[in-house]
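K.L.:
Each chain is listed here by its residues.
There are 2 protein chains.
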Amino acid sequence: MRIEQASRAQLETWRDELRAQYSAYQQRKLALDLTRGKPSAEQLALSDALDGILQGNYALDNTDLRNYGGLEGLNPARKLGAEILGLDPAEVIAGGNSSLTMMYQAMQYAWMLGPDGKNAWRHESGVKFLCPSPGYDRHFAICEQLGIEMITVRLTDNGPDMDQVESLVRADQGIKGMWCVPKYGNPTGCVYSTETVDRIAALGKIAAPNFRVFWDNAYVVHDLVDNAPALANIMERCRAHGTENSVLQFTSTSKITHAGAGVAFMGASKENLAVFCKQLGIATIGPDKVNQARHLKMLPDVAAVKAHMQKHAAVLKPRFDCVLQHLREAFADSDLGEWTEPAGGYFVSFNTRPGLAATVVKLAADAGVKLTPAGATFPYGKDPENRNIRLAPSFPKLEEVDLCMAIFTTCVKLASVEQALAS
Amino acid sequence: MRIEQASRAQLETWRDELRAQYSAYQQRKLALDLTRGKPSAEQLALSDALDGILQGNYALDNTDLRNYGGLEGLNPARKLGAEILGLDPAEVIAGGNSSLTMMYQAMQYAWMLGPDGKNAWRHESGVKFLCPSPGYDRHFAICEQLGIEMITVRLTDNGPDMDQVESLVRADQGIKGMWCVPKYGNPTGCVYSTETVDRIAALGKIAAPNFRVFWDNAYVVHDLVDNAPALANIMERCRAHGTENSVLQFTSTSKITHAGAGVAFMGASKENLAVFCKQLGIATIGPDKVNQARHLKMLPDVAAVKAHMQKHAAVLKPRFDCVLQHLREAFADSDLGEWTEPAGGYFVSFNTRPGLAATVVKLAADAGVKLTPAGATFPYGKDPENRNIRLAPSFPKLEEVDLCMAIFTTCVKLASVEQALAS
Chain A
171 MRIEQASRAQ LETWRDELRA QYSAYQQRKL ALDLTRGKPS AEQLALSDAL DGILQGNYAL
231 DNTDLRNYGG LEGLNPARKL GAEILGLDPA EVIAGGNSSL TMMYQAMQYA WMLGPDGKNA
291 WRHESGVKFL CPSPGYDRHF AICEQLGIEM ITVRLTDNGP DMDQVESLVR ADQGIKGMWC
351 VPKYGNPTGC VYSTETVDRI AALGKIAAPN FRVFWDNAYV VHDLVDNAPA LANIMERCRA
411 HGTENSVLQF TSTSKITHAG AGVAFMGASK ENLAVFCKQL GIATIGPDKV NQARHLKMLP
471 DVAAVKAHMQ KHAAVLKPRF DCVLQHLREA FADSDLGEWT EPAGGYFVSF NTRPGLAATV
531 VKLAADAGVK LTPAGATFPY GKDPENRNIR LAPSFPKLEE VDLCMAIFTT CVKLASVEQA
591 LAS
Chain B
171 MRIEQASRAQ LETWRDELRA QYSAYQQRKL ALDLTRGKPS AEQLALSDAL DGILQGNYAL
231 DNTDLRNYGG LEGLNPARKL GAEILGLDPA EVIAGGNSSL TMMYQAMQYA WMLGPDGKNA
291 WRHESGVKFL CPSPGYDRHF AICEQLGIEM ITVRLTDNGP DMDQVESLVR ADQGIKGMWC
351 VPKYGNPTGC VYSTETVDRI AALGKIAAPN FRVFWDNAYV VHDLVDNAPA LANIMERCRA
411 HGTENSVLQF TSTSKITHAG AGVAFMGASK ENLAVFCKQL GIATIGPDKV NQARHLKMLP
471 DVAAVKAHMQ KHAAVLKPRF DCVLQHLREA FADSDLGEWT EPAGGYFVSF NTRPGLAATV
531 VKLAADAGVK LTPAGATFPY GKDPENRNIR LAPSFPKLEE VDLCMAIFTT CVKLASVEQA
591 LAS
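So the sequences go chain by chain: A and B. Following my numbering, the numbering of the first sequence begins with 171 at its first residue and continues without gaps. Following my numbering, the numbering of the second sequence begins with 171 at its first residue and continues without gaps.
Just chain A, with the same shape it has in the complex:
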């Protein structure tokens, strides 16, 4: 289907056919949901051994796991986080069940007291953050809550457009950081190229001293294919540039074990961690060490994590294949949209023809398929071209994904044809 070459008569024929298909879907009164970037029950069950795994042994690393204390997390947990992130254990702390919470805390402390404990963002005017987009709405919500102005940066297949990033950072010392999901980013699934990682590591040389990249490596081990693309080690690049303090890293076991009951990690230079922990110690006496120990028993090292992730891939891959097959069949030979084919992560990103994302989301909703709201993947919920839609196939059953996608592709076609007829 090629809209731009189609005659009006052809468009009208398509419209009538598509409206008929759409009505048929509507009559089925479906209630499907393709919004949620969360694991399915089948994936969660892979970690059901966790509860009870300690078999009454609440001691580890010379620590009574049950008592207060241990702000930085258990040493073996820090070691596991370090293996996952490619850091030294002294550069990692292990926390509670949410890396989002750690990111929020790091942002809040930086705003309140400074990421270096000295230069608080709140004492400066015009504080801004770079937001490669489409990106993760919860990152943007933190900036919005703290009143930090967000600047949308173009996201390429290799990561943020670094020419744009460098020129912005050079021009404005009010830019205090950048959100990054470097591997299988939400929602495009892109993996930052080695050159991009190196140029991000080098930003510390031109940015303000209280500039910090927030490196949310949520999908670091979440490969769907065997020969998964490698992500360069940003801390190694930082060491080469002498910018070790310019990056804060985050990850968690949320999409490895139980999404709501996992262990989060933060990685950073020892200097950055010392500043963070000084503040953290005011807000908590320490993380749940019992739960950290459960995780260590099930996943003692990164090799065990990777083996475990293959089981996830076996559950997820058919869902992604289903999404991509629908997209290819419907749009491969068309001018109706473009999409990403990620090698890992949780999302497929689809771009409609300009101006149609909100219409497609509305059409899908009216046919019983809930999609992530149009615009959600951009700062302030505003997609400048109104094109991007995030597809999240992990949670529904495979046959539901299949039906969702049949309806989705119909909605995209219908919206495109009707737009063309109206123009």
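Calculated from the structure, these hints are not laboratory results. Keep in mind that the hints are not guaranteed to be accurate.
Chain A stretches covered by chain B per the calculated footprint, using a threshold of three residues with CB under 8 Å from any CB of chain B [claimed, not checked]:
# : segment
1 : 179-187
2 : 363-374
3 : 424-432
As a list, the in silico DSS-like pairs of lysine-lysine whose alpha-carbon atoms are at most 30 Å apart [to be verified]:
# : chain 1 : residue 1 : chain 2 : residue 2
4 : A       : Lys-487   : A       : Lys-199
5 : B       : Lys-288   : A       : Lys-288
6 : B       : Lys-476   : A       : Lys-448
7 : B       : Lys-476   : B       : Lys-567
We put the CB at the ideal spot given by N, CA and C, even for glycine.
Assemble the complex: chain A is given as a structure, and chain B must be docked to it using the hints.
P.N.:
Only chain B this time, still in chain A's reference frame:
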């Protein structure tokens, strides 16, 4: 031993005897610790059934416990918290492993955005907090981090000196709240009288609209005796005064089950909770529901909690009795100090003669007994009379408590006698 009536000769005799005793302790090269307000291994073991208690059943209240979501906590967990705090379940949220974290968040949101979501403390000058003292150093640390000026309020046996509190609040709308540990307060163990609770509930009528009492009911079920003193229900008193929004309540299972791996609760008016949860939802996707379910399985209701607390009391009571026996034997018929005899909680508070707390702590340290730093129980770590010492007997073994107290009483006597001789 009565210092004030003693002759110089008598004082010198005492000094020589006490120095000899003290030297003997020093020669034993002890390493004892009476600082830590944390449960002993014996107490923690009472909850060792927690891990594995779900027996593979990760569903509760129509929720997959393992997945993301449920910002306010599981409904049965909210109900349990409500029973403990004497609230409606809709007035309680169940969180992660730390009520300190919830207090920190509530303070931070109030400072940043306002406890009502409108009137942020940070936009006003001269923001102050009332701190009944001696009190809990971690409360004070939060104020200090946020740059909130602390005003020390006298703590009587019935709670804060309400004449002082009311006159301060009437005179200054910059006062934005007050820290309270209403039952078995840290460190005095006092229980607020019904009149005090009522007058605190009434503060909302004279205070600024963004004034909030932080009601840290950490020891709400932590009785050591059978006929424990009752604490009036502050929310009932608030309803009577029409001040439901003026109090935020907190508690946790930290000293009920496993100190580092429990469940925290926040109780407040539905309006206050809605404001809190709106901000909380930016910082997390939800608490660890699996761990909440473990707790519900072991402690399904407040009756089960109370039965469980009797087992704690059986472990704790001998330690408290030991402390009190030493104090009575050494000081009952003296002018060397006064102390509290709490019916619950985790601490005994001792006041030396004016100006001696730091000296006693130093003497004890040099004889191998670590005590909570003098001043720690007051804002900014400064005890205006340098008298208060917090004794925490829960963690050491009973024979260690016994030895600690023998050394402590010797140190108090020696410091008192030397002070009298020097004056």
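K.L.:
Next, verify each hint and record whether it holds.
P.N.:
Tested hints:
1. 179-187: violated (count 0)
2. 363-374: Answer violated; 0 residues pass the 8 Å Cβ test.
3. 424-432: holds (count 5)
4. A:Lys-487 / A:Lys-199: Judged against 30 Å, a Cα distance of about 28 Å means the pair holds.
5. B:Lys-288 / A:Lys-288: holds, 28 Å
6. B:Lys-476 / A:Lys-448: violated, 36 Å
7. B:Lys-476 / B:Lys-567: holds, 24 Å
Violated hints, in rising order: 1, 2 and 6; the structure is consistent with all others.
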